[in-house]
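Novice: One line per chain: the protein sequences are H and F, in this order.
If you read the first sequence in numbering that gives the first Met the number 0, its first letter stands for residue 0, the second for the next number, and so on.
If you read the second sequence in numbering that gives the first Met the number 0, its first letter stands for residue 0, the second for the next number, and so on.
Since the hints were derived computationally from the structure, they do not count as laboratory data.
A portion of the hints provided could be inaccurate.
[Unchecked claim] Which chain H residues face chain F? A few, computed with CB under 7 Å, are given here:
hint: 1; residue: P8
hint: 2; residue: P9
hint: 3; residue: G10
hint: 4; residue: F11
hint: 5; residue: R12
hint: 6; residue: F13
hint: 7; residue: H14
hint: 8; residue: P15
hint: 9; residue: E19
hint: 10; residue: Y23
hint: 11; residue: E35
hint: 12; residue: L36
Source: prediction; values computed, not measured.
Yeah, the Cβ is synthetic: ideal placement off N, Cα and C, and Gly gets one too.
Protein chains: 2
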Amino acid sequence: MQMGSSSLPPGFRFHPTDEELIGYYLSRKVERLEIELEVIPVIELYKFDPWELPDKSFLPNRDLEWFFFCPKDKKYPNGFRTNRATKAGYWKATGKDRKITCKSSRVIIGYRKTLVFYEGRAPLGDGTNWFMHE
Amino acid sequence: MQMGSSSLPPGFRFHPTDEELIGYYLSRKVERLEIELEVIPVIELYKFDPWELPDKSFLPNRDLEWFFFCPKDKKYPNGFRTNRATKAGYWKATGKDRKITCKSSRVIIGYRKTLVFYEGRAPLGDGTNWFMHE
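Please model the entire structure based on the sequences and the hints provided.
Specialist: As C-alpha cells, this is what we get:
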C-alpha cells in the first residue's frame, strides 16, 4: 500500500526510531520484502537541493523532517567514495557516526551519519541549517 | 473504523496536538460526527486507578501516554463539581489551566487542565507521578 500525503488521520505522525528505520524499513527494502505502508519514497537524493526535497516526501512536513531512500551514488566508477554533490552545493559529514543497536539483542544493526549541507563548491562552501541523518 | 493496538505500521505514533484533540476528536465526539479512526476509547475514567488505565487504551503505550474520553461525573446530583475520586485515591488540579487556541483564527477552543493523582483520601493523600491533562 502506498501512502498519499492526505491520508493520515488527525494526530498521527511518522516518528520512527532509528531501530525501526533500519530494522524494518531499510532491511525490508534491501531484501525486497513487503512494507506495510510505503511511506518512504526512493529518490535520487543528490539530484535535488535540500529545499527541493520536502516536495518529494509522501508525508506532510509538519515536523520539518522528511524521509527518503536513495541508492548510493559513487564518486568514481571503481571507488568507494559516495558522491554527495548537488547542483547548488554538497553534503558533508559532521560529528561521529552513531551506532544503532537492536534493543533486545544489543547487536549493532547500523550506523547513523549526520551531514550538513554547504552551499557553493567544496571546500569553500558555506554551511547551512540543512541536516541529513543517513 | 476502530483501531486495534497491533494495527499501526512501524514508526507511526499518535502524537496529537491539543488543537487536534479538541478541534477534531472531542468536537466530533460531542457532535456525534464520524471520526476517521476511533483511537480514543470512551471509559469511565474514575472507576479505575491510574495504573489500570494503560490496559484500556487502544494504542500501544510506548510513550507512556494514553488517551481517553470520559463523560463528566458530578460530585453531587445538582452541583457543578466533578467527582475525581477513584478507589485508591483522587485526582487534583495543579497549576493554571492552559488556553488552547486555533492556530489560524486564534480563537480559544478550550482549556487544558493538569491534574496529579494522590493516593489515599483527600486532603491527606500522597502525591504520585501520575499526571492527567484534561
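Novice: Quick check on R12 of chain H please, does its C-beta sit within 7 Å of some C-beta on chain F?
Specialist: 5 Å, holds
Novice: Does P15 of chain H pass the interface check with chain F, least Cβ-Cβ distance below 7 Å?
Specialist: 3 Å, holds
Novice: So, as I understand it, the hint says H14 of chain H touches chain F; can you test that by seeing if any CB pair is closer than 7 Å?
Specialist: 5 Å, holds
Novice: Let me know if the C-beta of L36 of chain H comes in closer than 7 Å to any C-beta of chain F, holds or violated.
Specialist: Where the cut-off is 7 Å and the nearest Cβ of chain F is about 4 Å from L36 of chain H, the hint holds.
Novice: Are F11 of chain H and chain F close enough, Cβ to Cβ, to be under 7 Å, as the hint says?
Specialist: 6 Å, holds
Novice: Identify whether the interface hint at E19 of chain H stands, where standing means a beta carbon of chain F within less than 7 Å of its own.
Specialist: 5 Å, holds
Novice: Holds or violated: Y23 of chain H as interface residue toward chain F, Cβ cutoff 7 Å?
Specialist: 4 Å, holds
Novice: Can you verify the interface hint for E35 of chain H: is its Cβ closer than 7 Å to any Cβ in chain F?
Specialist: 4 Å, holds
Novice: Per the CB criterion, is P9 of chain H less than 7 Å away from chain F?
Specialist: Hint on P9 of chain H: holds, closest Cβ of chain F at ~4 Å, below 7 Å.
Novice: Less than 7 Å between beta-carbons is the criterion; does F13 of chain H satisfy it with respect to chain F?
Specialist: 5 Å, holds
Novice: Does the interface hint hold: is G10 of chain H within less than 7 Å of chain F, judged Cβ to Cβ?
Specialist: Status holds, d = 3 Å.
Novice: Against chain F, run the beta carbon of P8 of chain H and see if the smallest gap drops under 7 Å.
Specialist: With a minimum Cβ separation of about 4 Å from chain F (threshold 7 Å), the hint on P8 of chain H holds.
Hint violations for this structure: none, all hints satisfied.
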